[in-house]
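> Here is how the chains run, residue by residue.
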Amino acid sequence: MTQNEFRTSRRRLLTIAVAATAAFTSGALTACSPPGSDGANAGSSSPTTVSTEIGSVPISLTLYDGAGLKAIDDALIAAFRKKHPNVTITARFDPDNVQSVNAPRVLSSDSPPDIARIGALGETVKSGLLTDLTPWASAYQWEKLPAGQLAQYKSTPDGVRGAGAQYTVASGFTVTGFYYNKELLSRLGLSQAPKTPEEFETALEKAKAANLTGIIAGNQNGQVATSFQFALNRTVGQDKLNSWIFGQPGASIATPDATSAAKTISEWAAKGYINRDTNGTQASDAMGRFARGEALFFASGNWDSAALQKQMGENVGFALPPAADGKAVAMSDPSSNFGIPAKSKNKDAAAAFLNFLTSPEARQIAVDNGFAPSGSGEQPTGNGALSTQVQKAFADLVLADGQVQYIQNASNGANAAWTAQIQLLVDGRTTPEDMLKTVQTQYEQDLGK
Amino acid sequence: MTTLRSTAPTTSRRTVAPKKKSFLHRWSGWLFVLPALLFYGVFVLKPLVTAVEYSFYDWNGITVATFVGFENYVRVLTDPQLLASIGHAFFLIIFFTVLPVSGGLLMAALLRELRSKGMGTFARTALFLPQIIPGAAAAIAWVWMFSASGTANQMLSAIGLDGLTRAWLGDFTWSLPAVGVIGTWINLGFCTILLLSGTGKIDASIYEAARLDGAGFVRTLLSVTLPGLKQEIGVCVTVTVISALASFDIIFMSTQGGPGYSTMVPGVQVYQLGFTQSQVGLASALALILTALILIVVLPLQRLFRSED
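Chains F and X are the protein sequences, given in the same order.
Per our numbering, the very first residue in the first sequence carries number 671; after that it's consecutive.
Per our numbering, the very first residue in the second sequence carries number 4; after that it's consecutive.
Bound-form chain X, shown alone (with noise of 0.2 Å):
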């Protein structure tokens, strides 16, 4: 935006400058984006054209590689277990943005409520505290509450439940919803401060108007919250969808894709195959399927949730 801003006083010059100085002066603006266009070509560019390079060969990282063609594309297309894995990536966006999402808007809509009586500032810090520990680190704390003796089985015997108690990380039903559940500790906090920091921004008179007419909780939730928040709703809705897609450092720190593949997403599949299997050309390949469908998921949403203004 600041180059498009800078050619601004041209606007006034142009009818007096020479048309050449005028070119000079709206060139040296690139001079400023050159450093972040560089990094930009060297980090993001140049990975991603090498990437759809290596897509296109067998190669094992080291020794001549051989082209195969679209091969690699055919193989992720059709091999059942690599198509589960996206399957997979699919399923926890349930755990990864449908919950987080609701739930969050129900904790801001209570948190509004609260914030007069004190106990918001706890609130918010309690709930973004899952946000600022490490996805990894979470993992590891939630993969013994899940053993055979943790939290989750011993809150389950404490109500009498023991006939479901499991090694939920070990079971092929129901470790990929509790996988899911970590990202959903994860994600709660990050939305429900996103939405919480959007209803400050909705004009209190409306509320206030809601009051007045009558309507309760759910109400002004569903008529005044919820239509405020649409812009909000769209970032939470991009970033966690992305977030279950390219899920890789809970699952991969929780069940390596285990027990057999129940849990195996694309991510830590790319990461198996490119670097403990070496096979440097099949892993781009499957990379660059799941970008493309995150690009294919997330820009219509984009679409959907842009403000009409």
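So that you can see chain F by itself, here it is in the shape it has in the complex (with noise of 0.2 Å):
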């Protein structure tokens, strides 16, 4: 081919090109009304009429949760299968980690399931993608719900948690303390668990001068957070610590009370009463050294149980987090937090589905799977020494009306912004003040204050 007419084509190609981009910029810019305003909000979010009765008609329902999750899950919707067999409920899994971040759009799209987990409790609600179930409660009576619980289940229209209308129900929940080395403890001279803030310091300080880790944590996962947490619960309080957590006007983490928390932590890293290597420990790790019998303490949560009883036998022993009047407070939160979506076409078996969640049957599936049961009554059995302590833990717990919501997930970013300070702080890289100010920042800029 010519000169000439290499030209003329090269040209024609760049028009063409130009042309399809103009098409494609045109098309996503003329259509310009702002990203988002196609219609998440429909579907009526609270019924007027609703029923307890589900009939005998085929329905068939989907379920979204998080893949660790799945043995829970499929007991517990065989179990309902028996008492209702003519609703199929088809489970639908997503890694974890995946689950949460996928699930506001898997909501909002237009064949979302009939019961998600939630995790961003306050942030779905007001973004219009759930089911008001204050009708279902009623009609279920689920007022009479433990307060702490039904807290857990509540959001106004703005996003601020822990009052206003109910979402949703648990199929069982987390709990927290500390699993200890029992024949570590009875060489530093202690008969028993520590009980008050004193006696963990004590023991912690003991170790120390036996030359042995205190407390053993992952905190490239941020697991030096549930220590700091533990504090927190004591300084700062339940009430107060649940509002910041639940997103309430004029809430913050800066305060003195959290800071003196922040304190307590910097310095028990600083005299070596938490790994060296703490940063660059993930925390799996951290629970298979603590197995191994490389320190006392080891704080995490009911998760952890059953490998730790497998791994240590009569070794160990589990506690809730020390108390300083005697009063019981930890984090406990929902293990999924099942609402039923704005667009869901089968509410009133998607609400029966969250009532036989507190039911007897399902409070005893969530403990055989290392859960602590939803709702109250009866103390489902336990499997195995540790477990049962860890069941009689959570008993007293609620008992005590202490759980609280874990900092992190204060707000979307809240969790990155802790892990990524108490990094800092451990490594004395922040100070307790500048660490609670940035959270705080963090924080405001999530809930758009």
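It should be emphasised that the hints constitute simulated quantities derived from the structure, not laboratory data.
One should not assume that every hint holds.
Stated by the list, open to error - Okay, the calculated beta carbon distance ranges per label pair:
| id | chain 1 | residue 1 | chain 2 | residue 2 | range |
| --- | --- | --- | --- | --- | --- |
| 1 | X | Thr154 | F | Pro926 | 45 to 51 Å |
| 2 | F | Glu813 | X | Gly72 | 45 to 51 Å |
| 3 | F | Lys980 | X | Thr154 | 24 to 30 Å |
| 4 | F | Arg962 | X | Ala39 | 56 to 62 Å |
| 5 | X | Thr176 | F | Gly859 | 46 to 52 Å |
Stated by the list, open to error - A few chain X positions that, by computed beta-carbon distances, are all more than 12 Å from chain F:
| id | residue |
| --- | --- |
| 6 | Tyr60 |
| 7 | Gln84 |
| 8 | Phe93 |
| 9 | Ser105 |
| 10 | Gln134 |
| 11 | Arg169 |
| 12 | Ala170 |
| 13 | Val184 |
| 14 | Leu197 |
| 15 | Asp206 |
| 16 | Phe220 |
| 17 | Pro262 |
| 18 | Thr279 |
| 19 | Ile292 |
To be verified - A few chain X residues facing chain F, derived, Cβ under 8 Å:
| id | residue |
| --- | --- |
| 20 | Phe70 |
| 21 | Gly72 |
| 22 | Gly123 |
| 23 | Trp171 |
| 24 | Gln275 |
Heads up, the beta-carbon is just placed ideally off N, CA and C, and yes, glycines get one too.
Take each chain as given, in its own frame, and dock them per the hints.
Encoded structure:
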């Protein structure tokens, strides 16, 4: 081909490319309503007539949860089907962290699940993606559930949690506390697990003197935050802390009370009560090393009990975090906080499933799967000594109404902010004051205050 | 290129055939391109344009967005934490590009010498192995090696350097270089193989002449291999610089940006902002700035390494 022709065809190619780009650009920009205006809020979110009867016509529901909860969900679904043979529930799972990332988009899709685990309850309610459960709550008398649990199901329309209408019911609960190595405890001359902050600190001092790691934590995943929040629960107090986590107006974590808790942790780190390589240790490794007898305490929760029981046998115990005035307070939130998406078409049947979660059968299933049971009533039997101890701790906690949410769940960016800031704190690269200020800034930005 | 060539026959026909026919003929080529163009438009151009649109909004991904103009861009360019993440990406170029390309060059020259001695295939395979392992999987393996009781520390202890052992990925000073080493390990094989295949195209007689002139290994490397591999080095540098600036998988799987913010890179930051913090607009702005930066770095490189002919 000649030079000239080559040039022409090049020019034409360019013209077409430009035209194509322009077409796509204008396609995207001329439809120039802002993103998200295509009806995420469709679907009625507060129905007028509801029924607790689900009849005998075949109904099929879908449930959406994190993959780590497959065992408990499958057992719950099977037990529910025994009661209501006409209801088929198909479960769909994503890896746990992927589920929480995907949930908002799955809920706003055209074919949402009928029952879904809700991570950020306030945000989800604010986006209009959930069904207001008030009518069912009165039909099923959910208001009789323990107050500490009920608070975790509620949100106001503008996303402040802990108050307002009910949107969820939990399939079970997590419970936190500290595992202790019995043999090391007696080697230090301590007859039982510490019950008060003073006793706890004495145990750490003794461990240090005996050249033992007091607390082992995988802070690469921000696990020191567990010990930090144990202190925070005490210094700030359950109600104030919950109101911060629930996003109530004017709540702040940058307070002198919170600072004193952060100081305790930074001192523990400086004194070597926490394993020195904590920032380079993953949570799973920390548990493994605790099981091998490397440390006196491991601050964690029910999710580690099965593995620790298996590896340590009789040598391990579990206790609620040390309490100052004898009132049990610990982090404990829903394993799956199940809500009904606003666009679901089978809300009555889905609500019947939520109600089933607090029944004795479902409570036993939760315990069998290593979680604490939803609702209240006779405590189901645990399997194994450690599991029984964990369940006992949870029962005490519910009795004292001392459930607190995790500080990492305060806002979308809170988890990343706490993890990074706690890593800086234990390495002495930030001060308690600065840490709390940074987290507060992130929190306010997330909540759009 | 196919399109251009397909117009070639018209050159001879043009003198006889009426212009209309040749016009149709020319356009028929585009029919063949259409499917690819469609995919390109839907999967490349559309998302790009959408990202540009999002970057001007404050949007949580669900509810109606608010237009904020250039605010997201201003934030990216003024927030010290976001700027630091961009700085980290540039630091990683040392480990993702400089070390693998210079190491790969040396390896390629050595392997060329080895080729006749039968060890070449084994060495090539061993070196290329890291390249076929997904970055995410490699990162997990390296997390174990960098742990307090991992291989890295065992080796240091074995030679009496106990004082240097540490949890590498948990150390504020050393975590970024440690993550960089994973990148070096992955990119070295790629560079070696690419450069080795390039040496095959250098005329063997030039090597022979060099040897007759009494040139040793180093002289041959600098005077024959290096100039002969200009284009291949260009490709290596381009690909590895992009892998450094746009790095995600290695860091996401090994440190998630920690401890603190010491290994945070734009790739991971975009993910965190967009998916866990629901700040789709800010995430889009950071991603677009990252894209622009990569272009600014890579385009001059292309020019630099373009061959004269």
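> Output the numbers, in ascending order, of every earlier hint that fails for this structure.
Of the numbered hints, 5, 6, 7, 11, 12, 17, 18, 21, 22 do not hold.
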